[in-house]
Amino acid sequence: MSETGDLPAVLWWKAPLRWWASHFAQREERVLLVLSILIGALTGLAVVAFILLTERLGMRLYPVGSAAWRRVLIPVGGSLAMGYLLFRYFPDARGSGVPQTKAALFAREGVITLRTVLGKFFCTSATLASGIPLGREGPSVQVGSGMASVLGRRLGLRPEYVKALIPVGASAAIAAAFNTPLAAVLFSLEEIMGDLNAPVLGSVVLASATS
14 MSETGDLPAV LWWKAPLRWW ASHFAQREER VLLVLSILIG ALTGLAVVAF
64 ILLTERLGMR LYPVGSAAWR RVLIPVGGSL AMGYLLFRYF PDARGSGVPQ
114 TKAALFAREG VITLRTVLGK FFCTSATLAS GIPLGREGPS VQVGSGMASV
164 LGRRLGLRPE YVKALIPVGA SAAIAAAFNT PLAAVLFSLE EIMGDLNAPV
214 LGSVVLASAT S
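The opening position of the sequence shown corresponds to residue 14 in my numbering, with each subsequent residue numbered one higher.
Bear in mind the hints are in silico, worked out from the structure with no lab data behind them.
Where hints are given, some of them may not hold.
Ranges between beta-carbon positions, derived for each pair [as the list claims (entries may be wrong)]:
| hint | residue 1 | residue 2 | range |
| --- | --- | --- | --- |
| 1 | G207 | R73 | 51 to 59 Å |
| 2 | P172 | P146 | 33 to 41 Å |
| 3 | Y97 | R73 | 18 to 26 Å |
Positions of the beta carbon are idealized from the N, C-alpha and C atoms, including for glycine.
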């Protein structure tokens with residue numbers, strides 16, 4: 014294919030993202046509100062998929078009437094396998110999720126990579142399904158915030174707006190995981206932002222209600 018030919022089919026999805034970024038470069042405040050609704054919807058779907066995946070995998074690992082040895086070997090084997098994957102391939106997905114999200118917000122310009130999101134999603138799901146009681150609050154926060162970070166950076170938003178999307182994703186994730194939109198707003202502002210009067214309050218409420 015010549016240099017002046019059409020874009021490869023594998024890159025077709027980049028054209029709409031570039032158009033969005035150039036068209037709304039000067040209207041990021043308005044875009045932030047639109048993105049809050051989109052992030053709320055996408056995060057809600059992701060959290061539901063996470064819960065369903067964990068339940069289905071747990072049913073496979075522990076079928077009705079299964080042998081007692083599974084209750085010992087599967088948690089141990091699951092811990093070792095997921096620990097290796099996190100150490101080897103997804104180092105930023107280690108930990109509970111909330112401290113890592115705050116570190117991304119305040120020390121990394123809001124950058125949470127797609128690899129971290131995928132690692133947190135699948136490794137946590139497998140860990141919970143194997144019978145290890147980690148809970149889903151922290152992982153949901155990191156996955157939701159990560160999705161918001163990835164989307165904001167793909168759309169070419171400035172770092173300050175990418176950072177503003179972090180509590181938006183966190184709020185949407187908590188609201189979807191526990192069906193508590195009001196508590197999700199308070200958690201996101203107080204625990205993630207550390208400020209109940211944060212300027213992103215409107216966006217956080219929108220995302221929480223949408224999810």
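- Task: May I ask which of the numbered hints given earlier this structure violates, with the numbers listed in increasing order?
- Result: Checked against the structure, the only hint that fails is number 1, while the rest are satisfied.
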